[in-house]
Amino acid sequence: MKCTFIVYRFDPAVGKEPRYQEYMVEAEPTDKILDCLNKIRWEQDPTLSYRYSCAHGICGSDALMINGRIELACQKLVRDFKTANNFVIEPLPLFKVIKDLVVDMNPFFEKHRTVRPYLISDEDPPEKEWLQDPENQKFFEPALACIMCGSCTAACPINRSNDKYLGPAALLRGFRYVADSRDTATGSRLAQLDNEDGAWGCKSMWWCTDVCPKSIPLTKSIAQIKRLIKEEEKRKTAGS
Amino acid sequence: MKHQFDVIIVGAGLAGLRAAIELGEDTSVAVLSKVFATRSHSGAAQGGIGAALGNEEEDNWEWHMFDTVKGSDYLGDQDAIEILARDAPRTIYELEHLGVPFNRTPEGKIAQRAFGGHTRNFGEAPVKRACFAADRTGRVILDTLWEKCLQGGIRFFDEFQLMSLIVSEGQCHGVIVYELASGKLHTLHSKAVLLATGGYGKVYKTTSNAFASTGDGLAIAFRAGAPLEDMEFVQFHPTGIYKLGILISEAARGEGGVLRNNEGKRFMELYAPVIKDLAPRDMVSRCILEEVRAGRGIDGKDYVHLDLTHLGEEVLNTKLAEITGFARTYSGVEPITEPIPVQPTCHYMMGGIAADADGKVITDSEGTPFPGLYAAGECACVSVHGANRLGCNSLLDTLVFGRRAGKEMRRYIHTVGFSPLPANPEKEAAAKIATLMESNGNETGGPIRKELQEVMMDKVSVFRNRSGLTEALEKVRELKGRYQKIAIQDKGNCFNRDLLDAIELDYMLDLAEVITLGALAREESRGAHSREDFPDRDDQKWLVHTMFRYSKEEGPQVFFKPVTITRFQPKERKY
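Residue numbers (numbering that gives the first Met the number 0), protein chains in the order written: chain A, 0 to 239; chain B, 0 to 574.
Treat the hints as calculated values from the structure; they're not laboratory data. Zero decoy hints are in this set.
Below are the PhoX-like pairs computed for lysine-lysine, each with C-alpha atoms no more than 20 Å apart in a straight line: (1) K163(A) <-> K95(A); (2) K204(B) <-> K38(A); (3) K15(A) <-> K490(B); (4) K242(B) <-> K75(A).
With the C-beta cut set under 7 Å, the calculated list includes, among others, these residues of chain B facing chain A: (5) A43; (6) E95; (7) R103; (8) A211.
If you want a taste of the chain A side facing chain B, the calculated C-beta under 10 Å gives, among others: (9) V13; (10) I119; (11) E140; (12) D179.
Built from N, CA and C at the ideal position, the CB exists for glycine as well.
Please build the complete structure, drawing on both the sequences and the hints.
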């Protein structure tokens, strides 16, 4: 069937202003939106740029806007949309556009680094594995599905008004290590997140959870950080 | 622009990152990748990583070694396989200590599950040997290693395409790379270079591999004088989603899933009476196609059913969450109540850059090293997988041999200084780009790539024969001729995918030629290489590694390398 794709174009070498270009694509209902972009590039216009790699929603390269909603281009099929075969494709919001659908993800990964996204333990590891309660592993397991595609952070309204706010993806990584029983830096991690640029910046708008292509309960995970901060406070008060 | 590091690592998957961690503490090291590091294809690995921990039931490394040797159809080098199996438990504990969030047993140990070809007591019955984090094992290991690199301050060059190796007087001392964002070339001068560029499944039409899996590192090393080993051995994973090739992990069968034909029959019981659906991948892929040939494909088509409906919602939504999602999204099937349509998909390359167990690239059958050049992971052939890799041995391979390559490079760089760079090292790469950009030829890359992928799928996949392979070779060479006339339409310098596609296509054409030549040369059937005109394994003549050396004038030149056999003499391979 014939589909119309209206695609955001921007080339810094050509002009300052973005424009929209229309393409007609012959697509199957089971084609991914990524397949359609590839058809445009391979058959009509090789100058179109976008990121992609695994093409099945696990590498996190191809988050963008389809008909005004943030999606992975490789995880949505033509048949998933009821828009009379018309598609508007735009880059992720929030981030600076480098070319066409390619955005600068550096600020996103900078925030990721600040949550110390690695296991910290002041204990020497045992000869074999550290034992871990399977319930503990299950507690933070939803956070492991994150593919760092940036969808949640791009969608978050708080991020748009406060560029210092860590954003849902970095907070989720923070939660993953706060919750891991093997990590012994829990106190300092919670202290780092105990402010308006951290967990309290989240106003539970749920936009991140709504757009997450891996269905991660982001808002709830951030709420868990808030709960753990409160528990830590209570524990300290009780102890003093 | 020029940069200098002791070691340059090309590729940010598990092999590259593990080597970087090994070196990072006291060595200047840079990791470069054509995709952002966490987009590397190691992240797509699903089911598990093998090690005889014995956490769920009795196991030992010698059983693991035997299974790997037998799985390789006796072509794997047993000294290297022994290293792999013995070092596996240490590797898992190391990952766990780095923070990898493995699933746990009720008592809190690392949980394990069954996987194809892994058995107890030399083939008696399946054994639980695969350590896993749901079905996103590669994802969590990749993330953990990348984050460890961030902690260690490793320098990353993300979105840089490898163009060439800097080689003078037979020694490698750096790389030339192309920056995607700016279109500029950079010279990275080093004492050692590790190639960890992964596989090249994109040579085939139906594949589980990422778009980035085009074998750049292999083709570049090959042209620089490094031989390629056992390239005819291409693994087709039995359970790719019908038509799409997206992988449904072997863990689905490890957890109890079964394959059924159009009569609803569990056909693997006939072909592998002992371990049934957990037979190795080469066998299961052949069995699926045998069923299809016998008219027992679903609806008369070329696929069968993977039935997970008896596993229950809990197992599917927790231990197999990703693949359950893939089936829902891409084939519109609900695995809790319906079987998943599957067919073999190109998944893994056993062949690669000939390397020893310390990651040193070797140049001949005696093992003479290529000074300064190293390879690890899927792009290398050590050879631990021989003619067929067992599931959950590839993640292990990347980590065991990535680490060993790191150790060896650390030793090596203290024995040498920085060699002076040749005059104008970027000249060749610049000329290549200029030729492509300025060409006014009448070909474009798209159709050439499509025809290449189709002919390789039709003639050089699970079953092969002389006439088909000869046709494929002619076709690949015709495409190589047409490639000389391709023109780039995007003349820009910023994320020029048109140019990158053309560069990758050049590499894929070279590799397709060597795969086909190897398949033509090897007149026997062994592991994943199944010749209809030579249906039997021939240990008298073919218990050897196939090696190809590049020659600009005469095309790839074949020679052979003996197989190392230590503990297990070749036997008939039955499951």
